[in-house]
Amino acid sequence: MTSVSVDQSGAFTPVAAPLASDDVVDVADIEGFAALDALVSRDRVVLRAASCSDGRVFGVARQLRRRGFRGVLLVEANLLPDQLPMATSCGVDAIVITETHALRCAEPQWRLKAQGERFGYQRATGRNLSSEVG
Amino acid sequence: MVQALQYFPVKEGLFVYRYNDFDRTFLRERVLQYRDQVERRLSGALTEEEFKPLRLMNGVYLQLHAYMLRIAVPYGTLSAQQMRGLADIAERWDRGYGHFTTRQNIQFNWPKLVDTPDILEALADLDMHAIQTSGNTIRNVTTDHLAGAALDEIADPRPYAEWIRQWSTDHPEFQFLPRKFKIAISGGVSDRAVIRAHDIGLRLVPGMEGVAFDIYVGGGLGRTPVVGNRVFEQVAVGDLLPHLEAIVSVYNLHGRRDNKYKSRIKIMLREVGLDSFKEEIIDYMKHNKDAFDKTVLKVLNEIKDSFKVQVLAPKDGAPYWERIDADPAFREWVSRNVTPHRQEEYASVTISLKAHGQAPGDATASQMRAMADMADQFGFSELRVSHQQNIVIPHVALADLPAVFEQLLQQGLATTNIGLISDLIACPGMDYCALATARSIPIGQAIAMRYQSMEQLLGPLNIKISGCINACGHHHVGDIGILGLDKAGVENYQVTLGGRSGLDTALGEKMGPGFSEGELMNALDRLFDRYLMLRASSSETFAEAVQRLGTESFKAALYGVEDAA
Amino acid sequence: MAKVQAPVVISANCLLTGAVLYWGPDGQWCTDFAGAQVYGDLDAAAVAVAAVTDPAAVIGVDLVPVRVSNEVVEPRHYREVIRADGPGASVFPGERGIVRVSV
Chain Z
1 MTSVSVDQSG
11 AFTPVAAPLA
21 SDDVVDVADI
31 EGFAALDALV
41 SRDRVVLRAA
51 SCSDGRVFGV
61 ARQLRRRGFR
71 GVLLVEANLL
81 PDQLPMATSC
91 GVDAIVITET
101 HALRCAEPQW
111 RLKAQGERFG
121 YQRATGRNLS
131 SEVG
Chain L
1001 MVQALQYFPV
1011 KEGLFVYRYN
1021 DFDRTFLRER
1031 VLQYRDQVER
1041 RLSGALTEEE
1051 FKPLRLMNGV
1061 YLQLHAYMLR
1071 IAVPYGTLSA
1081 QQMRGLADIA
1091 ERWDRGYGHF
1101 TTRQNIQFNW
1111 PKLVDTPDIL
1121 EALADLDMHA
1131 IQTSGNTIRN
1141 VTTDHLAGAA
1151 LDEIADPRPY
1161 AEWIRQWSTD
1171 HPEFQFLPRK
1181 FKIAISGGVS
1191 DRAVIRAHDI
1201 GLRLVPGMEG
1211 VAFDIYVGGG
1221 LGRTPVVGNR
1231 VFEQVAVGDL
1241 LPHLEAIVSV
1251 YNLHGRRDNK
1261 YKSRIKIMLR
1271 EVGLDSFKEE
1281 IIDYMKHNKD
1291 AFDKTVLKVL
1301 NEIKDSFKVQ
1311 VLAPKDGAPY
1321 WERIDADPAF
1331 REWVSRNVTP
1341 HRQEEYASVT
1351 ISLKAHGQAP
1361 GDATASQMRA
1371 MADMADQFGF
1381 SELRVSHQQN
1391 IVIPHVALAD
1401 LPAVFEQLLQ
1411 QGLATTNIGL
1421 ISDLIACPGM
1431 DYCALATARS
1441 IPIGQAIAMR
1451 YQSMEQLLGP
1461 LNIKISGCIN
1471 ACGHHHVGDI
1481 GILGLDKAGV
1491 ENYQVTLGGR
1501 SGLDTALGEK
1511 MGPGFSEGEL
1521 MNALDRLFDR
1531 YLMLRASSSE
1541 TFAEAVQRLG
1551 TESFKAALYG
1561 VEDAA
Chain D
2001 MAKVQAPVVI
2011 SANCLLTGAV
2021 LYWGPDGQWC
2031 TDFAGAQVYG
2041 DLDAAAVAVA
2051 AVTDPAAVIG
2061 VDLVPVRVSN
2071 EVVEPRHYRE
2081 VIRADGPGAS
2091 VFPGERGIVR
2101 VSV
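Chains as they are written, first to last, in the numbering used here: chain Z, 1 to 134; chain L, 1001 to 1565; chain D, 2001 to 2103.
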C-alpha cells in the first residue's frame, strides 16, 4: 500500500517506502505535553491519528514546535483538504494520506485549500501562530 | 417573497459589537468555503461521514424530519435589524417561524441543505453567522441577558465574550475537540448565566487593577451532571486568553475520544485529578508565555468601545406612573415582566415567548418584526435572547413602558408570566430532535395550559424539561426538572426536585420511577397541593419550601403515598 | 438498540432537503409513510436496502419496524410515528386536548 504526502502548498508527492516506525508517534499514546520534550531533538516526527476527527494532531504539533522542535513534522492521517491550513498553522510540514483517500480528495482540492490567508481571528486577536515563532 | 423592510431611524449608537471590515471579509470567505463543501458533498467528493463535521461547524444538523440550522446570537445580543433579517430568513427559506434556544441562539427547523449556503450568505449581510453553533468545538459564548443593563453589574461581560468569540472562531487547534465545549460568562453579583453548568464558567470579580476573572472548570449537565468548581481565582484580564487556551489544549489532549458519554472535560478532570490538571496548565503556560502579543489587549479595548456604557437620556416618568395607578393589568405585567435597570428612569422588558399552549421559545416572523420595531422605537434598537427562551429589550425608559405594553398586547406578546410556572423551558425534544428519547414541547404545553388559572397562586416556580439525558432543557437545575426517556417503547418522564441555578447551583434530586404523560399531570397536581398546604406563607416559594422541608414529603405527594412525617 | 423485528419498511432522509423518505413498491422514494413497501421478512428487506442505498441521494437508510392490523400499517415505535407525521404528532394514548405545535 503506497501513500501520498501533501505539502503545505497542497502538492502531492508519492511516498514510496513506509515511514520509519521509529519516527512515528501515535497521538493517543502521548501522556502529556511535557512528554514532547523527549522528541524535540529528533530530525523527524510523524504524528499518527486514527481519523480526521482526532484533533489532537493540531495541538500536539503546535506544542512540539513551541517546545523547540526544528525538524520535519509530518501528520499521518486521512485529513480533509479543509484541514490543511489548520495543520500548516500548527507547524506541520506535510500530511501523509493513503492512496485511496488521495483518489477521492484529489490534489486540486488540497491546492485550493492551501491558498489564502486563514486563521485571521487568531492573528487579529494577537495570537502568535507557531509558524511565526517556531 | 421578502417584504420591503421598514427601518425606524436609530436615535443613538447601538450598544452592540460593530463588525469591522475584517469580520465581514472573514464571513464572506467562510460562506464561500461552506458553499464549496456543500457542492463537494452533492458531487460525492465528500462522504456523509466527512461532510458531517464540516456542516456542523456551520450549524447545520440533520434532525428527525429535516435539516436544522442553528444561528449564533453571540452572548444573546442582537440588533433590531438583525432580528428583522431573521424574520425574512424564516419566511424565505423556512416555515415562517424560528425557535430561540436555551443557549441564546435561534434555530430554524426546516431549511433545505441546498439552501443553506444562501442562508449563510444572507446572515453574513446581517453580520451574523452559524459558525461553531454545533460540532466538537468551542460553542457560542453565553452570558447574562441583562448584561449592560443590570443593577448589580461589576462589569459588562459582553466585551470579554466577544473577545473570546474572536479568539475561538476558526481556532486551528480547536475545531476537532473530543466533544463540544461551552463557555459562559457572568458580570453580575448574581449569576444569571448558570456559569457553573458549563465546561468553563467565567465570573467577573473586582481585581487589583479593575476587574479580574474567577474561572470555574468542569461543570455540565447531561448524562453525568457536575457542578463546576472554581479552579483559578483573580486571573488578570491579560491572562484570560492564555488560561483559556491552556485549559482547552489540555482537554484536547486528554479528553476521552472512545466514549461520547465520557468525553467532556468534567469526566477528564475526574480521571486526571485536579492537582495534575493544574500542574499541566501551569506547565503549558510556561511554554506558551509569548503565545499572545500586545495586540490582544488593544483588540479588547476596541471591542469595549462598541459596548461603552452610556448615560441614557432621562425622560419624564409621569405617563408610567399614571398607567400604574390606573391599570391593574399593566401593573401586573410590570411586576412580572419588567426588571429594574442600572439607571433609575429605565427598565429592562422581558417579552414572554411562552404564551400558554405555545411551543416555548418559538416566535413567528411577524412577532420577530414586531419585537424589532419596538426595540427601534423604544429600546435603542437592541434585543437579547435569554437562556430562559424569552426576548429582552434591555433599555426602555419607564415613560415608554405603557406604549410598549400596548404594542405587545396587539401582537399577542404581552403574556404576563415571567418566573411563573408557564414560563418553563423545554428543549425541542422528539418533535424535532434526532437525539431525543421523548417529547418535551407537548409536556410544556400541557403544564402551561393545566395550571394557567392557578399560576399566580403557585407563585415563582421554574420547570425545566429535557427530552433526553443530554439535558438541553437544563432539567437538573430546575425547581422541578422533567426528563423524558424511552421506557420499553413508551415515553416516560422522570422528576427531579430542588435544582438551583446561580452561584449556588445545585443539582435536583431524582425522585423515583418515571411517569407516563397522564400520570405526570396527576403527580404534579398532588405535588402542588402539597406545596400549597405546607408553605409557611404565601410568600414562601416552591423552591424555598423544598429547601426548608427537604424533598421527602414532596416525593410522597408525587407518588400519592401517605406522608410518614 | 433492540433487535429489529419484521415486518419493516425502509426509510432514510433526503440529502437535499432532509425530508423523511420511504421506499415504495415502485422502487422510488416517497415522502408519505402510506406509500412505503412493507417487507414481511428481514432478508427481503436487506436485499432491497442493498439495492436502494444511493449515497448521492439519501442519508441513513434504515429499517423501521411496523405493525400491521386490519391492513392498517403503523410504526411500532413512537419515534417513528413522529418521524412519519411530523412535530405535534399525537402518539399519547387518548385525547389530551392540548394545542398542537404550530408548524
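The set of hints was computed from the structure by calculation and includes no laboratory data.
All residues carry an ideal CB built from backbone N, CA and C; glycine is no exception.
A hint or two may mislead.
[As the list claims (entries may be wrong)] Among the chain D residues that face chain L by a calculated CB cut under 8 Å, a handful are: (1) T2017; (2) A2048; (3) N2070; (4) V2073; (5) I2082.
[To be verified] Pairs of lysine-lysine residues, derived as DSSO-like cross-links and limited to a Cα-Cα distance of at most 30 Å, are as follows: (6) L:K1510 to L:K1260; (7) L:K1487 to D:K2003; (8) L:K1308 to L:K1510; (9) L:K1260 to D:K2003.
Structure-based check of all given hints:
no.	hint	result
1	T2017	5 Å, holds
2	A2048	20 Å, violated
3	N2070	21 Å, violated
4	V2073	17 Å, violated
5	I2082	6 Å, holds
6	L:K1510 to L:K1260	23 Å, holds
7	L:K1487 to D:K2003	16 Å, holds
8	L:K1308 to L:K1510	45 Å, violated
9	L:K1260 to D:K2003	22 Å, holds
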